[in-house]
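Please take these sequences and the hints and turn them into a complete structure.
Number of protein chains: 2
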Amino acid sequence: MEFQEYFPIWNQLNTVQQNRIQGSLTLRRVGRGTVIHHDSGDCAGLLLIRTGQLRAYILSEEGREVTLYRLFERDMCLFSASCIIRSMQFEVTIQAEKDTELWVIPSETYKALMEESVPVANYTNELMASRFSEVMWLMEQIMWKSLDRRVAAFLLEEASIEETSQLKITHEAIANHLGSHREVITRMLRYFQNEGMVKLSRGKIELINAGLLKDLCEG
Amino acid sequence: MEFQEYFPIWNQLNTVQQNRIQGSLTLRRVGRGTVIHHDSGDCAGLLLIRTGQLRAYILSEEGREVTLYRLFERDMCLFSASCIIRSMQFEVTIQAEKDTELWVIPSETYKALMEESVPVANYTNELMASRFSEVMWLMEQIMWKSLDRRVAAFLLEEASIEETSQLKITHEAIANHLGSHREVITRMLRYFQNEGMVKLSRGKIELINAGLLKDLCEG
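Just so you know, the protein sequences line up as chains A and B, in that order. So for the first sequence, the numbering used here puts the first residue at 19; every next one is plus one. So for the second sequence, the numbering used here puts the first residue at 19; every next one is plus one.
Simulated from the structure, these hints should not be mistaken for laboratory data. For each residue, glycine too, the CB sits at the ideal point set by N, CA and C. All clues given are correct.
Listed next, the in silico SDA-like pairs over lysine to any residue satisfying Cα-Cα at most 20 Å (straight line): (1) A:129 to B:141; (2) B:232 to B:172; (3) A:163 to B:159; (4) A:163 to B:165; (5) B:222 to B:166; (6) B:129 to A:145; (7) B:222 to B:209; (8) B:163 to A:153; (9) A:116 to A:90; (10) B:163 to A:80; (11) B:217 to B:172; (12) B:129 to A:134.
Ranges of calculated distance between the beta carbons of each label pair, as one might list FRET restraints: (13) B:52 to A:105: 25 to 31 Å; (14) A:205 to B:109: 32 to 38 Å; (15) B:208 to A:105: 36 to 42 Å; (16) B:201 to A:116: 45 to 51 Å.
So, partial list: chain B residues that the calculated Cβ filter (under 8 Å) puts toward chain A: (17) 133; (18) 153; (19) 154; (20) 162.
Shown next as structure tokens:
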């Protein structure tokens with residue numbers, strides 16, 4: 019059993035609690051692109067990522083998307099189990115951005131632990147505060163930063179996650195991450211190309227001057 | 019001592035814990051307009067509102083504001099004590115919108131309780147989830163709703179809070195709430211006036227057809 023190495027407060031649980039988690043846990047594999055959680059009514063359980071990458075986003079009625087944050091190896095996804103906290107009243111969609119292996123802790127198991135264990139309750143607090151902080155950061159980006167800076171920041175973040183300066187991503191996908199439109203993103207990327215920051219080719223964006231992009235972000 | 023009637027989990031604390039809170043509690047009166055909390059380094063403590071009204075907002079470097087949410091009688095403000103949760107890494111400014119009486123629970127007292135009491139830890143979870151939900155709602159408004167709907171929704175909310183259809187509020191103040199500019203708000207309000215929704219006069223906005231405003235919000 020590897021789970022215990024990934025669950026940061028494992029050693030703060032007693033044996034009965036550890037057994038209860040181990041007995042209810044399942045390991046699930048999901049392919050890239052799979053929507054794991056959509057409706058807030060669907061209280062699937064907490065997800066702990068073993069390998070891979072998830073994306074949390076919100077969706078407008080017309081189908082526009084904005085990426086709220088990403089989850090990586092060892093990250094825990096709380097919002098797929100929104101029923102465990104009564105006041106959590108918003109809908110977030112969770113999608114696998116890469117092939118992903120994750121453990122599912124059933125909501126009832128986790129909720130019962132939260133109601134008897136101070137470490138579990140406070141760990142949940144920290145998780146929520148951490149996602150809240152990411153959403154607040156994004157809110158500030160949207161409110162105060164112009165789109166050129168947001169696109170530049172997105173390209174740099176993407177290059178850092180993928181560990182390459184050759185991004186395979188469509189303009190449509192970037193628009194979805196940023197809550198914008200494809201045409202707007204294409205125009206911006208062409209401007210970046212003219213400025214010598216990127217080189218565009220079919221389905222690919224190459225970062226040829228990350229320094230200029232960073233200057234733009236911080237400018 | 020009235021505090022115990024306002025603090026919803028009072029009866030779930032033991033006598034030692036109750037005494038610890040009562041012994042460290044202070045009642046504070048702040049005038050309308052007072053900024054109670056600004057810097058995240060300033061960990062003043064948790065605020066429980068006895069009477070009055072607070073506003074939580076974020077501030078850009080150029081001084082533009084966006085209201086995140088309001089707190090009323092019996093509401094607890096968590097973000098004036100951000101040091102109690104390590105992962106809470108964002109800055110929110112808290113201002114008294116009316117003359118306000120509030121109890122301050124020192125951060126150390128509350129943090130110590132969170133670390134020993136499951137009810138306190140889970141109550142904190144609920145508080146955070148509830149603020150998080152309000153911010154997510156706002157985020158959706160900003161991303162998906164056009165400004166005309168946001169202004170209409172703001173006027174209706176304000177009329178409901180103040181229990182009057184005669185709002186004493188400047189265009190500048192509305193712009194601050196919505197993260198917009200005064201000129202933009204003035205233009206929008208003139209449009210509303212032409213449509214017969216409001217009547218504008220010096221420092222006042224009268225809602226003369228709330229039904230039309232509601233239609234606009236929901237449209």
